[in-house]
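Visitor: Chain by chain, the residues run as shown.
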Amino acid sequence: MHHTLEVRTRGKGLYPCTREVAQWVASTKTETGLLTLFIQHTSASLVIQENADPDVVLDLADFFERLAPENFGYRHDTEGPDDMPAHVKTMVTRPHPFRIDADEPLDSRDRRTYGAGTWQGIYVFEHRSGSQRRSVVLHL
Amino acid sequence: MHHTLEVRTRGKGLYPCTREVAQWVASTKTETGLLTLFIQHTSASLVIQENADPDVVLDLADFFERLAPENFGYRHDTEGPDDMPAHVKTMVTRPHPFRIDADEPLDSRDRRTYGAGTWQGIYVFEHRSGSQRRSVVLHL
Amino acid sequence: MHHTLEVRTRGKGLYPCTREVAQWVASTKTETGLLTLFIQHTSASLVIQENADPDVVLDLADFFERLAPENFGYRHDTEGPDDMPAHVKTMVTRPHPFRIDADEPLDSRDRRTYGAGTWQGIYVFEHRSGSQRRSVVLHL
Chain A
1 MHHTLEVRTR GKGLYPCTRE VAQWVASTKT ETGLLTLFIQ HTSASLVIQE NADPDVVLDL
61 ADFFERLAPE NFGYRHDTEG PDDMPAHVKT MVTRPHPFRI DADEPLDSRD RRTYGAGTWQ
121 GIYVFEHRSG SQRRSVVLHL
Chain B
1 MHHTLEVRTR GKGLYPCTRE VAQWVASTKT ETGLLTLFIQ HTSASLVIQE NADPDVVLDL
61 ADFFERLAPE NFGYRHDTEG PDDMPAHVKT MVTRPHPFRI DADEPLDSRD RRTYGAGTWQ
121 GIYVFEHRSG SQRRSVVLHL
Chain C
1 MHHTLEVRTR GKGLYPCTRE VAQWVASTKT ETGLLTLFIQ HTSASLVIQE NADPDVVLDL
61 ADFFERLAPE NFGYRHDTEG PDDMPAHVKT MVTRPHPFRI DADEPLDSRD RRTYGAGTWQ
121 GIYVFEHRSG SQRRSVVLHL
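So the protein sequences, as listed, match chains A, B and C.
Letter by letter, the first sequence follows residues 1 to 140 in our numbering.
Letter by letter, the second sequence follows residues 1 to 140 in our numbering.
Letter by letter, the third sequence follows residues 1 to 140 in our numbering.
Please note that a few of the clues may not be correct.
Unchecked claim - One side of the interface only, derived from the structure: several residues of chain B facing chain A at Cβ under 10 Å:
1) V7
2) A22
3) W24
4) T28
5) L46
6) N71
7) G73
8) P85
9) H87
10) T90
11) V92
12) H96
These are computed hints drawn from the structure, not numbers from a lab.
C-beta: ideal position from N, C-alpha, C; glycine also.
Next up, chain A with everything else stripped away, as it sits in the complex (with noise of 0.2 Å):
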């Protein structure tokens, strides 16, 4: 089974879309099964990561920031200089398979995130500084 999420995103930054996938997979009805998500483009990452401090996803934009600047000297700069590192943090941020549990939900009140693991949560990762819409596809 697959679906295509889309994400909308307005600038640089980690948009949350755990809510998004956890329904889809329980509109499917499975039981236990891998889950595949994976986003159609490279220069907007997806990713899993702690949902319970707000504060770590501003820190992970801001490590990134610093790791792949925008004054870098790049060649490519026709679609802008938040293009290239762009690129660059795709390539570092990639997100991994994972088996869900019926019995294990993937999102729930208190913002466990089962089967990644507790507390964690999926994210859109957008590296570019205009809005985007991002396709994720998900497999399971």
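We have chain A already, so just place chains B and C on it with the hints.
Guide: Using the frame of chain A, we list chains B and C on its own:
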């Protein structure tokens, strides 16, 4: 088929777990298949790396310590100075599924890991300073 | 279904292999499925990146050269100064499985790679200085 492996760590560094993974794969009597491994944490990674020279894993640990130092000026430090660097390191080091074949042992006396590649080993890369119990989920 | 592709490299840089992957996928007559690619080495990576502007892959190679320089002071240097940086680069750049669909060609004349995303290409990212033969395993 799936299985959860518990790996105990005692501070930062790479802890081999190829043997434990190989034992479980062998116990399933699988001829060929795709093995997906993931770790249910965002402050420790699961990596596949060279296991021929023990210096390699020390150098890798050093590199990531310099890449994401503890004194970066993170907002999120309530869990200690080693917590945010742990999230960063996890984000840039993710495992990948790989094919296994009963004719190519995952672990052998000469430490070759076929399937993942010759001379490769599977490691839990602990990013926290204290002792931890890490859950590694295997899906075949 | 699985297949091993051999890619020859001649020093550091990104080598496209989308066409070879697409040819094998087409030969399997698969309608839809999940394609998992991995490289059986830890001194070369398999990446999905933009293939519209050839400058992108040059910029990426530059970035990773600066991220993990040869003169870092590694312990492990018996295989040459390019060996440990190769392990580091491999560790931070991993491929991800993605869904393929017979209606969305993986490779076409206009160089679009559907499935992985429009305008994306699959590359072997060679991290060693000398010539190498790299084994890429495809699993569908």
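Visitor: Please go over all the hints and tell whether each is borne out by the structure.
Guide: How the hints compare with the structure:
At its closest, the beta carbon of V7/B sits 14 Å from a beta carbon of chain A; the interface hint therefore is violated under the 10 Å criterion. Interface hint at A22/B: violated, since its Cβ lies 20 Å from the closest Cβ of chain A, which is beyond the 10 Å cut-off. Checking W24/B against chain A by beta carbon gives a least distance of about 14 Å; that is not within 10 Å, so the hint is violated. With its C-beta approaching chain A no nearer than about 15 Å, T28/B sits outside the 10 Å limit, and its interface hint is violated.
Satisfaction of the interface hint for L46/B is found here, the shortest Cβ-Cβ separation to chain A being roughly 9 Å, below the 10 Å cut-off. Evaluation of the N71/B hint against chain A yields a violated restraint, the C-beta minimum of about 13 Å exceeding 10 Å. Using the Cβ-Cβ criterion of 10 Å, the hint placing G73/B at the interface with chain A is satisfied: the shortest such distance is roughly 8 Å. Checking P85/B against chain A: minimum C-beta separation of about 9 Å stays under 10 Å; hint holds.
Hint status for H87/B: holds, given a least beta-carbon distance of 6 Å to chain A, under 10 Å. Taking 10 Å as the C-beta cut-off, the interface hint given for T90/B holds, the closest approach to chain A being about 8 Å. Residue-level restraint check for V92/B holds (minimum Cβ-Cβ distance to chain A is 5 Å; threshold 10 Å). Using the Cβ-Cβ criterion of 10 Å, the hint placing H96/B at the interface with chain A is satisfied: the shortest such distance is roughly 7 Å.
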